[in-house]
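Residue numbers (this note's numbering), protein chains in the order written: chain A, 1 to 292; chain B, 1 to 226; chain C, 1 to 359.
Since the hints were derived computationally from the structure, they do not count as laboratory data.
As the structure is a computational prediction, the values presented were derived from the model and not from experiment.
It is possible that some hints are incorrect.
[What the hints assert, rightly or not] Which stretches of chain A does chain B cover? Using the computed rule of at least three CB atoms under 8 Å from a CB of chain B, they are:
1) 197-206
2) 243-255
[Stated by the list, open to error] Label pairs and their calculated CB-CB ranges:
3) A:Leu136 / C:Ala286: 54 to 62 Å
4) C:Thr135 / A:Leu136: 52 to 60 Å
5) A:Leu250 / C:Glu119: 39 to 47 Å
6) C:Gly22 / A:Trp191: 41 to 49 Å
[To be verified] If you only want the chain A side, here are some residues facing chain B, beta carbon under 10 Å, derived:
7) Ile45
8) Arg86
9) Val184
10) Ser185
11) Gly187
12) Ala188
13) Arg190
14) Thr268
15) Ala270
We put the CB at the ideal spot given by N, CA and C, even for glycine.
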Amino acid sequence: MAEAAIERTWRSHGTRRRSTRTLRVRTSGALVALTVLAVLLVPPIVQLDQQAVDLAAKLQPPSWEHPFGTDDVGRDLLLRCVYGLRVSLLVGVAAALTATIVGTAVGALAGALGGWADRAVMRLVDTFSSVPHLLLGIFVVAMFRPGVWPVVVSVALTHWLSTARIVRAEVLSLRARPYIDAAVSGGASRWRVTVRHLLPAVAPQAALAAVLMVPHAMWHESALSFLGLGLPAHTASLGTLIQSARGSLLAGQWWPTLFPGLFIIIPTLALAGLAGAWRERINPRRRSELML
Amino acid sequence: MLELRAITAGYDRRTPVVRDVSLTVEPGEAVGLLGPSGCGKSTLARVAALLHRPDSGTLLLDGAPVRHWRHRAPREVRTAFGVVFQQPRLSADPRLRLDDLIAEPLRATGRREEAPDRVAELAATVGLTPDLLGRRPHEVSDGQLQRACLARALVLRPRLLVCDEMTSMLDASTAAALVAVVEDYRRSTGAGLLAVGHDRTLLRRWCDRTVHWDDIARAGGPNPRV
Amino acid sequence: MTQRPVVLSVRGLSVRFRMPGGRVVAAVTDAHFDVAAGECLALIGESGCGKSVLASALLGLLPANAQTAGEARLGDLDLLTADERTLARTVRGRRIGLVPQSPAAHLTPVRTVRAQLAETVAALTGVRGRDALDTATRAAAARAAFPEDHLDRHPHELSGGLAQRAATALALVGDASLLVADEPTTGLDRDLVDRTVEELRRHVDAPDGTGAPGRALLMITHDLEAAERIADRIAVMYAGRIVELTDADTFFGSPGPRHPYSRGLLQALPDRAFTPIPGMPPELGALPDGCAFAARCAWATDACGAVPELTAAAACATAPVTTGGGLPTAAEALRTGAAPPPAAAVACHHPHMPEDIRA
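Isolated chain A (complex conformation) (with noise of 0.2 Å):
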């Protein structure tokens, strides 16, 4: 064994598209990473008023003092951004995890039961999907108060449709399943089969898709407020700095409106990238490469 294993030379195969792949998922992690920490470490750590107005310094381009310029009221667009960023996120994530947890339990419900409560479910399903989500995320806005709830729910209202189809898709091609058969021969009851067999499945789908969906309610969220039924003016959201700054666009002041877009598209294609690499991860397929 060990003479003939010296005289073997041996040959890999196939890296080069692995390496593309983890430049891709660290380039994306980098940078998810880094807009966690910014919303997260910068506040505190700079400790400056985002509110401060300098009506001396309003309008300025970006320069060494202010990286991002200033806005309308003189306030420093950098911070401004930050701060946007984190109510953005706060709302993004707030309305991910609600509309996943809403939808999967009933997608859950609806394929676990099958027949007529699947049947209802469903078409509960379509009748709300057929309403604009953007008119029903106006609606439910329209009915609160602005602030940073109101949001939330309007945007988790209109988007648990997509995950109650997704997991109740998956839950009815795994119900055909001969291992849930074999639970059911093996005495386990509804709520068991469901449990501890259908919902770890799903598991990894849903929360794939709840990741697929914080940029989605992050834009959602900045629609809203652009159109000036989100976020109250005053607190800094990506919408609302869009929003306010639309006017000076015209006059030929890019700043104001390039970085908070900036902001809400770097991060969302970055946890995009991530949850595409993860969607790899977990596809079944790959797995079964690697099977002898």
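For this one, chain A is given, so just place chains B and C on it according to the hints.
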């Protein structure tokens, strides 16, 4: 004793795959059901194990008619059957380690404390070594996984075993080993067996009586596509 | 029988997987064999013995954590060192046709058989023009005995047998000299197995009915009955090594196989003793020193502590004809390039001797 009378079943009421099929398994008897693939014999096996509700027909277990299937069937009736399917990969929850897989029916029926002893005993019976018991399905071979699936089917000491193409994915030696385990179990408990398959040689060797699908299904059933 | 040209020649093919934690799984170790035109070699063994990995290695379809050694020559091309571009453009489909394990999953579910065949014909043969393509497509279907009136069906509308024929038709389009069939009969019932096997055999014997030497077929299977019906030669794989290589007639016929594992496999068949080999095969990640089968072997001796080389069947260590000094083993002969692999060989320190030789 298991009696299937005039069973019609399928996934679409207009085109049932099983039409008017009758079959009896006497106490302690081993019946082999032979048929080509796609003829509906697996559906019949699921009906027999109370896993698929037939559109019409009667199923008698020890003379008493069964009226409910799947979760609606009383637990002690459901667990009177042990089932083994063709594809071990699809029959095992990919997240459970093999020892949990085997013990799952005990836990589901509230007999958790019996699990360690029973799993150790059955693992030895089906020939699984302790280090395999700590692995998940994707870390073992098809043959090893099917051994665990058979152990799971035996863990509640069923009165009837339903084996649907249990050995068709396996090599000759593993197939012979699993059949030997089933036969040992039947000899010590007197359990009945319904073995469904397409291998005439295997079923004739294994079972007391072999019936062909064409002989128990009403003529004019769905003709298998060429 | 005339000497047929060798199509695939495998020398010292080894595949190992590097697993997380520095573990190494030796999936295939030191495989030597030839497959000639017009010949079917059946590679048999249980699931997890490494036979599918061997097929993947030949097709260049190994995952990224695999490493290979040795060579696998298809004509002048070494399949193990060829780059992905060469394999994709000139080998798969054109020089090697793959008959897949589950044809229904191999076909694209949303397209008809005709569309898939036509696409493959256009890509591999360069036939252009609607009429010419249509004719070529129908000819391709006819070669695999796929009925013409089923061409416009989708894969899910086909029975297992027809799906298998559709997949075979696709594999045959490129007129490859080597067919690799990976478990083509798994899950099919006996009649379909017989038909599939007969059809594959037909493609091996005379691809165009012209009596030319035909294609070479490497069939990977755990189904001994299918192997018996189709194969000219049998290679038995155990724990990543080919432990016996012999004529199918010898293997299934009266002298029988010589390796204890092969004999055990045959005896496990329901029409023979129907007794299993005790125990289970070792893990490919933790192979024992010496013969991997020794732990399950009733005839194991102290000699089994060393790995037995694949030795030409006539020159066995315990055979009475040994003339002192020891004959070079087949593997040694191969390394020095002295000889092609023997038609029959066994890797065992105490192979079974046919009764007539012993007497």
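Outcome of the hint check:
Closer than 8 Å: that is the beta-carbon criterion, and the stretch 197-206 of chain A has 3 residues meeting it against chain B, so the requirement of 3 holds. Taking a C-beta to C-beta cut-off of 8 Å, the stretch 243-255 of chain A contributes 0 residues in contact with chain B, too few for the three needed, and the coverage statement is violated. The supplied range of 54 to 62 Å is met by Leu136 (chain A) and Ala286 (chain C), whose beta-carbon atoms lie about 59 Å from each other. At about 57 Å, the CB distance of Thr135 (chain C) to Leu136 (chain A) agrees with the hint of 52 to 60 Å.
Checked against the given bound of 39 to 47 Å, the beta carbons of Leu250 (chain A) and Glu119 (chain C), roughly 53 Å apart, lie outside it. A beta carbon spacing of about 43 Å between Gly22 (chain C) and Trp191 (chain A) agrees with the range 41 to 49 Å that was offered as a hint. Annotation: Ile45 (chain A) was flagged as interfacial toward chain B, and the flag is violated, the nearest CB pair being 43 Å apart, outside 10 Å. Among the interface hints, the one on Arg86 (chain A) is violated; its C-beta lies about 37 Å from the nearest C-beta in chain B, farther than the 10 Å criterion.
Taking 10 Å as the C-beta cut-off, the interface hint given for Val184 (chain A) holds, the closest approach to chain B being about 5 Å. The restraint placing Ser185 (chain A) at the interface with chain B holds, with a minimum CB-CB distance near 5 Å, inside the 10 Å limit. Restraint check, Gly187 (chain A) versus chain B: the minimum CB separation of about 4 Å is within 10 Å; hint holds. Hint on Ala188 (chain A) holds. Least Cβ distance to chain B is approximately 4 Å, under the 10 Å limit.
The restraint placing Arg190 (chain A) at the interface with chain B holds, with a minimum CB-CB distance near 5 Å, inside the 10 Å limit. Evaluation of the Thr268 (chain A) hint against chain B yields a violated restraint, the C-beta minimum of about 31 Å exceeding 10 Å. Interface hint at Ala270 (chain A): violated, since its Cβ lies 29 Å from the closest Cβ of chain B, which is beyond the 10 Å cut-off.
When held up to the earlier numbered hints, the structure conflicts with 2, 5, 7, 8, 14 and 15 and fits the remainder.
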